[in-house]
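With the hints as extra help, turn the sequences into a complete structure.
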Amino acid sequence: HMLRIFQSQATILHHSQKIVTLERVLGITASGNSGLACDPHSGLVAYPAGCVVVLLNPKKNRQHHILNTSRKTITALSFSSDGKYLVTGESGHLPAVRVWEVCEFRQVAELQEHKYGVSCVAFSPNSKYIVSVGYQHDMMVHVWAWKKNTIIAANKVSSKVTAVSFSEDSSYFVTAGNRHVKFWYLDHSKSIEASAPVPLLGRSGLLGELRNNFFCDVACGRGSKAESTFCITTSGLLCEFNPKRMLDKWVDLRTSVARALCVSEELIFCGCADGMVRAFSPADLGFICTLPRPHHLGTDVSSITQARCDTHTHTHTHTPLGRSYP
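In this text, residue positions in the sequence shown follow the UniProt record's numbering: the first is 1, and each later residue adds one.
The hints are simulated quantities; they were obtained by calculation from the structure and are not laboratory data.
Beta carbons are placed, not taken as given, at the ideal position from N, Cα and C, and that holds for glycine.
Where hints are given, some of them may not hold.
To be verified - Label-pair restraints from in silico Cβ distances:
| no. | residue 1 | residue 2 | range |
| --- | --- | --- | --- |
| 1 | D300 | L67 | 14 to 22 Å |
| 2 | C289 | L22 | 17 to 25 Å |
| 3 | C289 | E110 | 41 to 49 Å |
| 4 | M246 | E110 | 34 to 42 Å |
| 5 | Q63 | P40 | 13 to 21 Å |
| 6 | R211 | V25 | 35 to 43 Å |
| 7 | I288 | L94 | 42 to 50 Å |
| 8 | R254 | R211 | 21 to 29 Å |
| 9 | T299 | L67 | 32 to 40 Å |
| 10 | D187 | M246 | 31 to 39 Å |
Stated by the list, open to error - Cross-link-like lysine-lysine pairs, in silico, DSS-like; alpha carbons within 25 Å at most:
| no. | residue 1 | residue 2 |
| --- | --- | --- |
| 11 | K244 | K160 |
| 12 | K84 | K147 |
| 13 | K148 | K128 |
| 14 | K225 | K244 |
| 15 | K128 | K84 |
| 16 | K148 | K115 |
| 17 | K60 | K115 |
| 18 | K156 | K244 |
| 19 | K148 | K160 |
| 20 | K60 | K84 |
| 21 | K249 | K225 |
| 22 | K147 | K115 |
| 23 | K225 | K128 |
| 24 | K128 | K115 |
| 25 | K115 | K156 |
| 26 | K148 | K84 |
| 27 | K160 | K59 |
| 28 | K84 | K59 |
| 29 | K128 | K156 |
The structure is reproduced here in structure tokens:
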């Protein structure tokens with residue numbers, strides 16, 4: 001009988017030593033554009049699910065996971081330009097900005113300067129700096145030399161900020177939000193010499209008659225349009241700011257609401273209502289096409305017998321009653 005007891009205890013011990021691993025996450029807790037990122041090199045998509053960052057390979061439909069050991073909810077994330085690192089922001093008391101090594105799924109740096117929550121984060125294109133913007137009541141924007149674990153510049157921001165984008169040469173970045181577009185300039189000479197963070201120099205964009213809009217996303221230009229800055233408003237306007245921070249031109253997206261913006265050297269993609277994505281030219285904001293929509297939620301793809309394409313119209317196409325898009 002004693003032998004059986006020892007054997008059963010050994011079996012229990014053996015099972016208790018097995019490591020439980022997270023296999024798959026269902027759902028997403030991103031509340032806006034800052035909670036979704038894609039590595040252009042690998043195609044890896046990152047998004048938050050509570051205190052977990054899901055790294056999804058869409059081609060293989062395979063997930064990997066980064067677990068935030070603080071158990072605080074992830075609110076914002078962004079890849080470095082080379083895709084090797086991922087920066088995350090979180091919410092809760094004394095939230096941290098954390099840098100993770102993507103291949104090893106491990107934390108390599110941490111900054112704890114915000115009080116309530118982090119609304120958006122971004123790497124500079126040269127990967128030297130990280131900018132983090134706090135919640136509206138946090139009222140702070142920080143520039144972090146993350147490899148040295150030091151803040152080089154900081155300042156207050158009173159508006160609700162939902163997006164941030166670095167210039168191609170990493171010399172400045174732009175924040176966008178409610179009645180807010182602001183250009184922040186990095187004075188490298190002062191930052192390097194100073195032993196403490198220097199005041200971050202900010203200049204507001206000249207919004208003109210669009211000053212009462214909610215600028216929900218922003219992207220600095222690339223290539224020949226590197227000196228321009230593109231914004232999108234929730235009311236459905238695509239805007240361009242010139243190098244003097246002046247709102248130079250804008251076009252109507254012809255949608256009930258707009259949410260997201262993505263800019264390359266040749267194209268501007270605008271995420272609109274009802275699963276609609278419109279493409280424009282950065283050169284003159286000329287309309288190019290409307291991308292085919294994804295299938296309606298609940299659609300049986302195998303039952304589709306006729307192809308449909310709306311790529312050559314700028315008009316709003318009808319959405320069947322009661323249908324919704326992912």
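Hint by hint, here is what the structure shows:
no.: 1; hint: D300 / L67: 14 to 22 Å; in the structure: violated (36 Å)
no.: 2; hint: C289 / L22: 17 to 25 Å; in the structure: violated (40 Å)
no.: 3; hint: C289 / E110: 41 to 49 Å; in the structure: holds (44 Å)
no.: 4; hint: M246 / E110: 34 to 42 Å; in the structure: holds (39 Å)
no.: 5; hint: Q63 / P40: 13 to 21 Å; in the structure: holds (20 Å)
no.: 6; hint: R211 / V25: 35 to 43 Å; in the structure: holds (41 Å)
no.: 7; hint: I288 / L94: 42 to 50 Å; in the structure: holds (46 Å)
no.: 8; hint: R254 / R211: 21 to 29 Å; in the structure: holds (22 Å)
no.: 9; hint: T299 / L67: 32 to 40 Å; in the structure: holds (34 Å)
no.: 10; hint: D187 / M246: 31 to 39 Å; in the structure: violated (22 Å)
no.: 11; hint: K244 / K160; in the structure: holds (23 Å)
no.: 12; hint: K84 / K147; in the structure: holds (14 Å)
no.: 13; hint: K148 / K128; in the structure: holds (9 Å)
no.: 14; hint: K225 / K244; in the structure: holds (14 Å)
no.: 15; hint: K128 / K84; in the structure: holds (13 Å)
no.: 16; hint: K148 / K115; in the structure: holds (22 Å)
no.: 17; hint: K60 / K115; in the structure: violated (39 Å)
no.: 18; hint: K156 / K244; in the structure: holds (22 Å)
no.: 19; hint: K148 / K160; in the structure: violated (29 Å)
no.: 20; hint: K60 / K84; in the structure: holds (20 Å)
no.: 21; hint: K249 / K225; in the structure: holds (14 Å)
no.: 22; hint: K147 / K115; in the structure: holds (22 Å)
no.: 23; hint: K225 / K128; in the structure: holds (23 Å)
no.: 24; hint: K128 / K115; in the structure: holds (24 Å)
no.: 25; hint: K115 / K156; in the structure: holds (13 Å)
no.: 26; hint: K148 / K84; in the structure: holds (18 Å)
no.: 27; hint: K160 / K59; in the structure: violated (36 Å)
no.: 28; hint: K84 / K59; in the structure: holds (19 Å)
no.: 29; hint: K128 / K156; in the structure: holds (22 Å)
Hints 1, 2, 10, 17, 19, 27 from the earlier list are contradicted by this structure; the remaining hints agree with it.
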